[in-house]
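Participant: Residue strings, one per chain:
There are 2 protein chains.
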Amino acid sequence: MRNIKLIIQYDGTNYHGWQIQSRCVTAQGEVLKAVRKMVGDNSLKLVGASRTDSGVHAIGQVGNFQIPETNTIDCLAFHHGLNSLTPDDIVISAVQEVSPEFHARFDARGKTYCYQLYNAENLSIYHRRFSWHIRRRLDLNAMRQASTHLRGCHDFTSFQAASCGAETSIRTVFALHIQEREPLVRIFIRANAYLYRMVRNIVGTLVDVGFGKREPDDVRRILEGKNRTLAGMTAPAHGLFLLKVHY
Amino acid sequence: MRNIKLIIQYDGTNYHGWQIQSRCVTAQGEVLKAVRKMVGDNSLKLVGASRTDSGVHAIGQVGNFQIPETNTIDCLAFHHGLNSLTPDDIVISAVQEVSPEFHARFDARGKTYCYQLYNAENLSIYHRRFSWHIRRRLDLNAMRQASTHLRGCHDFTSFQAASCGAETSIRTVFALHIQEREPLVRIFIRANAYLYRMVRNIVGTLVDVGFGKREPDDVRRILEGKNRTLAGMTAPAHGLFLLKVHY
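These protein sequence lines map, in sequence, to chains A and B.
Counting in the numbering used here, the first sequence runs from 1270 upward without gaps.
Counting in the numbering used here, the second sequence runs from 1270 upward without gaps.
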């Protein structure tokens, strides 16, 4: 079998997340429909690296699908064809032929997310779909200090949504940094894996620190407490981007 | 009478332009509805500086309206109130009390527009609503050379839409420059006034030059020819922004 890898961007505003669900419009559903149409096989499966939530965006979602050796559609044809078949808010940014063993989800060694805040009195019409508007001036130094406690290997129970069914709550955050491009503030986080809503719960807590409602050292105590009620609110979905899947 | 000036941003994607029309959703219509609701006067008029076309965006549209001296709503209350009453894709970014003589349209001495191109193989989901996607690599030096012919006072007949009913086609372009922020290319143009679709016709012609389909000096000949059929295509509306109105 041939194995085709896709890099997929989507504006998550109008999607019920990545993963296919009956009666809901999802990014995976739209890409799958386009692939099946090109390949002419209605039982074809599309693997995705990350099940992004409803409203979350992707710059670097990764997918793969298998087709018979007899299929001669090349990568360039898939690239152009899929972009013409998917809606405008989904963009296939790369198509690559990979080894038959490659699996977009199981082979992922980590993922980078970016959460974008728009820190100004007035929201911008340009960024509103892609950022959480925060009027009050954030103390980025305090947020940066708080984020040092989150780097490394920890039990992230306090940052996991109640509905999370993961076997273990231990995750490794390889990198967490905050970039300022006034009035945009971007929180980049790279971890081996994530608990349900972990990034958005971390961001909500860091924003509390930025407001001065919590001290940077509180974040250490929140981690140690292993209790979701200790951490801050869940940041809204529309500020979050799946930036890159690492293999 | 009190005279209130508004600076208005809007994402033009879902609007039939600025100006009120029956049976069409327009930016002016939405702002007017909000102002009338706050003021409690259904005959109130809202002046706008520029009648942007369907699909065109604004960062710095200017409006003004008059209310009786007895009305005590202050600017801050208008600012917050109007933002809560208008849809999310319209943002009031400033409210200011101005002299009774100020008129948003008649007092404008010029306007700056920005046209944004996204020059890359793949469109970006972030910028797609706000830029014209151009795959082929543009020759910006040639475009810059071409734009020198457009600066200054000229008869812009060749760049005016056929349906334009302006009395004279002579306009003064004070500034026209091209900025590169890869993969974004921004064309800034500041003029005393504009003919119908003038910016979009100029951009379409400059893009032809960027493709090498026309020489930079052709632009001088197009101007001199005073004939719309000589210039290039009309660039699509969604790359255009009304940036600033000058008083």
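Check before you lean on any hint, since a few could be wrong.
Selected chain B positions facing chain A (in silico; Cβ < 7 Å) [unchecked claim]: (1) Asp1280; (2) Thr1282; (3) Ser1362; (4) Val1364; (5) Val1367.
Computed list of chain B residues with no C-beta within reach of chain A, every gap over 12 Å [as the list claims (entries may be wrong)]: (6) Gly1350; (7) Arg1489; (8) Thr1503.
Treat the hints as calculated values from the structure; they're not laboratory data.
Nothing here was measured: the structure is a model prediction, and the numbers come from that model.
Glycine included, each C-beta is placed from N, C-alpha and C at the ideal position.
Participant: Each hint: holds or not?
Facilitator: Okay, the hints, checked on the actual structure:
1. Asp1280: 4 Å, holds
2. Thr1282: Hint on Thr1282 (chain B): violated, closest Cβ of chain A at ~10 Å, above 7 Å.
3. Ser1362: 4 Å, holds
4. Val1364: Hint violated; Val1364 (chain B) Cβ to chain A Cβ min 11 Å, cut 7 Å.
5. Val1367: With Cβ-Cβ at 19 Å, over 7 Å, it is violated.
6. Gly1350: 14 Å, holds
7. Arg1489: 35 Å, holds
8. Thr1503: With a cut-off of 12 Å, Thr1503 (chain B) remains clear of chain A, as the shortest Cβ separation is near 20 Å.
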